[in-house]
Amino acid sequence: MNAQVRVRQGAVHAAEWWSSLSGAERQIELAVDCQRAARRPLVFSHATAAALHGIPVIGGWPERAHATVAPGSDQSNPSMIRTERRLDPMDVCVTASGLRATGLARTALDLAATRGALAGIVAYSHLRRHRSLEIEELRTGIRRAGRMAGIRIVRESLGRSTADSDSPLESLVVARCQEYGFVVPEQQRRVVSISGNVYFVDFAWLDGRILGEADGYGKYGDPALLAGREPADVVYREKLREDEIRLATGAFFRASWEDAWHGEPLRRLLVRVGVPRSVGAPASRRSLRVFLSVSG
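Heads up: the sequence shown begins at 1 in our numbering, then just goes up one per residue.
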């Protein structure tokens, strides 16, 4: 008999299939299960809405789906995280999956308010870069929310977000530069190698005299990014690219997710390659914390 896993009351899935899903995919399945058991349409929010929209979440995924319900609502479900709040109709949408959820701007706002500035910076940066949301539109979403817990962190997150990060790791590196008081890098810098090849590098300082790359696992393990190529071939081509870039600059580094997530390893790396400090005091470390989600 195939092993099974019980993900909530009344919902059982094949354990092998469940373990093969990403955190975002599990959130979507949890949302589908919760909606099936609900008497009325739910409005999924926070990390669950992020999964439905494809917004990156850092700090781990909750073990239950998250929904926002009207104050005093009888939509109770022990298998679901429930936030009571009256949402503006402008902040609710129907996702591609057919499930209702908070809109893009409101979802990023909730992530920042409940998970901290790092989570908010990553979410807002994604919306600006990949969903073409203008910063004023996102500010309007904050104004619509009014007074609520965490709103200061929400505003800070949007203010520190960037429209130039291709990945969550790039956004995290920029946030750490702000946190530790380094000059914020130019992003997607065009570099011409001595052989005439043109590359776009994630980070640049001092007019390209210092260059850096966000070295995430995705480019080596994500099937979508591999585009049918073998990982070994991608690694080899990346090495050739790096060799040419190194010859075109004075200093070059790669920052891993672990470097940026823990912060201090990245700080030491930036010091070692000579990244300049910005004028003024660095941001508070406390303001850029992220709240880890284990069980929601």
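Keep in mind that the hints were calculated from the coordinates and are not lab data.
Idealized CB from N, CA, C, for every residue including glycine.
Possibly wrong hints are sitting among the right ones.
[What the hints assert, rightly or not] Listed next, with one range per pair, are the computed distances between beta-carbon atoms: (1) Ser195 x Val234: 12 to 22 Å; (2) Arg144 x His262: 16 to 26 Å; (3) Val192 x Arg144: 39 to 49 Å; (4) Ser97 x Val234: 46 to 56 Å.
We went through each hint and held it up to the structure:
1. Roughly 20 Å separates the CB atoms of Ser195 and Val234, a value that falls within the hinted 12 to 22 Å.
2. The given range of 16 to 26 Å is broken by Arg144 and His262, whose C-beta atoms sit roughly 35 Å from each other.
3. Judged by the Cβ atoms, the range 39 to 49 Å given for Val192 and Arg144 holds: they are separated by roughly 45 Å.
4. About 31 Å separates the C-beta atoms of Ser97 and Val234, a value inconsistent with the hinted range of 46 to 56 Å.
Hint violations for this structure: numbers 2 and 4, all remaining hints satisfied.
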